[in-house]
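Turn these sequences into a full structure, and let the hints guide you.
In the numbering used here, the protein residues as written are 1 to 137.
Any given hint could be a false lead.
[Claimed, not checked] Simulated DEER-style distance windows between Cβ atoms:
hint	residue 1	residue 2	range
1	Cys78	Ile128	14 to 20 angstroms
2	Tyr126	Gln101	15 to 21 angstroms
3	Lys112	Pro80	27 to 33 angstroms
4	Tyr126	Cys78	15 to 21 angstroms
5	Ser124	Ser86	20 to 26 angstroms
6	Cys78	Asp130	19 to 25 angstroms
Since the hints were derived computationally from the structure, they do not count as laboratory data. Since this is a predicted model, take the numbers as computed values, not measurements. We treat Cβ as the ideally placed atom computed from N, Cα and C, and that holds for glycine.
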Amino acid sequence: MFRDKGTTISKEGSRASRGKKLGRALAVGASAVALASVSFVGAGPAYAGSNGQMVGVSTRYYPNARVCGNNQNNVYTCTPWFRAGSAPRVYPNYWFKGYVQISSGSGLVARKSIHVYVPVSQGSDYFIYDGFAKYTL
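Right under this line is the structure:
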């Protein structure tokens, strides 16, 4: 075999090369583990209509709404206050099931509240509570 001086590899160089490859493999593995643990720790969405619903709210008396209750992981949580109105609006990526409290208010102060039951499963991803039409919120 013919080799010129530019392609000769010493034993030390090959060890460094192996070390770099091993370091890269470990970094990729650590990244995969980190991503997997984030997906288990974070509250991902429920499967379509099978483990909770996003709640849509309309309000008559006050402009803002908030929904509090158990999410798809059975952890009590609340949406941030969001702008509601005469047409139902959904705060995205918050899934609820069972009894929830829907509040309406101005600013960050609840003025009216109601408890409603959100089904665990149904044909869609949305449970709509029309507080405007029912004169409750």
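Outcome of the hint check:
no.: 1; hint: Cys78 with Ile128: 14 to 20 angstroms; result: holds (19 angstroms)
no.: 2; hint: Tyr126 with Gln101: 15 to 21 angstroms; result: holds (18 angstroms)
no.: 3; hint: Lys112 with Pro80: 27 to 33 angstroms; result: violated (18 angstroms)
no.: 4; hint: Tyr126 with Cys78: 15 to 21 angstroms; result: holds (18 angstroms)
no.: 5; hint: Ser124 with Ser86: 20 to 26 angstroms; result: holds (21 angstroms)
no.: 6; hint: Cys78 with Asp130: 19 to 25 angstroms; result: holds (20 angstroms)
Checked against the numbered hints above, the structure breaks only hint 3 and satisfies the rest.
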